[in-house]
Amino acid sequence: MYRYDQYDHLIVRERIAQYRDQVRRRLADELTEEEFLPLRLQNGLYMQRHAYMLRIAVPYGLLSTAQMRMFAHIARKYDRGYGHFTTRQNIQFNWIELEQTPDILADLASVEMHAIQTSGNCIRNTTTDEFAGVAADEIVDARPYAEIIRQWSTFHPEFIALPRKFKIAINGAVEDRAAIAVHDIGLTAVRNEAGEVGFKFMVGGGLGRTPILGSVINDFVPWQHLLTYTEAIMRVYNQFGRRDNKYKARIKILVKAVGAEEFARMVEAEFADLKDGPETLTREEVERVAQWFNPKPYLTLPNIDPRADHADNKAFANWLQRNVKPHKVPGYASVVLSLKKTGVPPGDATAEQIDFVADLADKYSFNELRVTHEQNLVLADVEQAKLFEVWQQAKARGLATPNIGLLTDMISCPGGDYCSLANAKSIPIAAAIAERFDNLDFQHDIGDIELNISGCINACGHHHVGHIGVLGVDKDGSEWYQVSIGGAQGNESAIGKIIGPSFSAPQMPEVVGRLLEVYVKNRVDGERFIDVAQRLGVAPFKEYVYATPIPAGELVGEDEYA
Amino acid sequence: MPNFELHSHKQIIKHRDVVDDDWSVLKLVDDAAPESVEVPAGKIIVPLKVWLAQREQLAARAARRELGLWFASDELAHTVKDDLDRFAVVAVDFPKFSDGRGYSIAYNLRKRLGYQGELRAIGDVLRDQLFQMLRCGFNAYATRQDRSIHDALKGLTVFSETYQASVDNALPLFRRHARGALPEHSDVGAGI
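Those protein sequence lines, which keep their order, are chains A and B.
Following my numbering, the numbering of the first sequence begins with -10 at its first residue and continues without gaps.
Following my numbering, the numbering of the second sequence begins with 2 at its first residue and continues without gaps.
What the hints contain is simulated information worked out from the structure, not anything from laboratory work.
Since we're looking at a predicted model, the values are computed, not measured.
Relax, there's no trap hidden among the hints.
Taking CB as the label site, the calculated pair distances span: (1) Leu157/B x Gln381/A: 57 to 63 Å; (2) Lys155/B x Arg386/A: 46 to 52 Å; (3) Leu157/B x Gly489/A: 55 to 61 Å; (4) Leu77/B x Thr271/A: 30 to 36 Å; (5) Asp152/B x Gln382/A: 52 to 58 Å; (6) Glu36/B x Arg9/A: 47 to 53 Å; (7) Leu77/B x Glu273/A: 32 to 38 Å; (8) Glu36/B x Glu273/A: 55 to 61 Å; (9) Asp169/B x Gly489/A: 52 to 58 Å; (10) Asp84/B x Glu22/A: 37 to 43 Å.
Listed next, the stretches of chain B that the computed footprint assigns to chain A, with coverage defined by at least 3 CB atoms under 8 Å from CB atoms of chain A: (11) 122 to 132; (12) 167 to 176.
Not the full set, but computed from the structure, chain B residues with beta-carbon under 8 Å of chain A: (13) Gly101; (14) Ser105; (15) Val159; (16) Glu162.
We put the CB at the ideal spot given by N, CA and C, even for glycine.
If we strip away everything but chain A, and leave its shape as in the complex, we get (with noise of 0.2 Å):
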């Protein structure tokens, strides 16, 4: 992976400085509040519900076993023994104190972490696919472009002051799994005719309280150009963006209002005058940066059944079925461990699981990690013949739940618990459904099916694109749930569509049943739930929800995750 050169070292270090003088200056009253918000934005600290919460970098998802471990150390020392990795393929802490932030950016930069630009109306961190430079379905690894958006976006100095914030993604597979069609810039690098590496632009997606997908806007950028043609629609974005509203202020209010069409011309003026200048892109630092990302050393392997020793352990091969994907070097696997034990909030790691993952990943798989969208971690680079010993420790540590792509491999944000965005409570909610369908026969049954879940209009838990979307919504001061099927992302980008009325907590999982009913009556051939939502539409599912009152049962976790 990449390693910092003196250059990334210093410009780290000298905001490390920049930022404990302006947190000293807060203490000292020389800053006020309204003030300070901003900066601090800037480095990814929040004043939630409780306390601060500081989101540290983890540039396109990609981690070595250091840094893992200091995230551990963080953990340990400034927080309270746990981590939640986020949709963002972001780790955050939740109960950190100001005055030790700086510090804590300190043990980060020892690591070369770091948690620029985390939050604020900034260019965010550059998310990637987290099979990328493994993936059988490969075209182009994007993590050396993500490096090159991250360093050129770092302290941008005209764009640090955007209508909103701005977040990039770039899927370099046939299969998209950056889900690019929901960001402000999605990017999909492809080779053309002559095998050069491009990139198809598409702009103005996004969730939050108004869901758009992108519109492509133009179909190869070639590689040179990246970060001039990424100028160029930022520069159209910071002077035309609205400003005055800020739920109106995203990329793709800009995109809708003036249409995609004409955003493209727009684009295309600023750019013509930036084309060929000196933030033009060079071979030469491509491949400065590219190696970092070169082949590791694997060994050469046959492809092998991992089941054939095993052949009676329904639990392993149930892991093997739903955890481990293939890789393109032959005899070599990439295993997900799973964030998503029912009885704990998605995303959540503790110290102690934090180590033990840097341990396997020491051991297993060339001392790197990675964070998925979906809140799971990834070892990338697994000898097949190495998986059941590798299931057989993360099962020991309760990271080995069959459960990826299913029921329970929900994703979630803080929700209420933590977050002073939020309406309503959303980690009670994915612990009721998730102990309600705790069954995995039942949950492998059903199949692939996502489920997300956002406390807020906000989106945090990109519940619009959830096959099945719960957003929490405030109705006179209580918390209530509204619903949504269809959506989806990936390839196949759809915004989710509302079944109706919004429903209680205590009814949530029961909700989620009767929508799984209507699934497993109509499905045909192999449909999954999506494709059902989408052949069938909304209404027979609306239908068979509210055709019997649902009974507000027991809230399953709430006071022990509140």
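Take the given structure of chain A and dock chain B to it, following the hints.
Chain B alone, transformed into the frame defined by chain A:
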């Protein structure tokens, strides 16, 4: 009641020094019509709208180098492209820290329109914005007067290296330096 206000700063930052200043920024009161304002004598920085409405009357003052122009954050640099060199100072207003349009106005004035003169940041200008202002082409800063201007000066020297090209540095880092030396071979930045 005059339909404008004058705002002046005893001192501003120019380049990297604190210097006395004798300019006043004219702001229209409420929705005063730009053509109705009687621009007072002295060195006045007028709103873009007033210049456009009174170009003929103000031309002589501009020729005497007694006229400046300021852009509101929702105005575009190229609106006055042929007139730029007539002003002794061009200013860009930052109505609040979170409004970053002024950075693009400055970039366009410098890079697109080739403006070479004084480019002054006015409005909600504080220490922690100065570095990016400098990078986007500002060379003068009327910092908020309830804060120490000498303290604000420190904002200009936060970083000694930057990744991107901008107005202050026409080349990005990868074209300025051979990159890739590992930190163990260099002690740049150690001990900061």
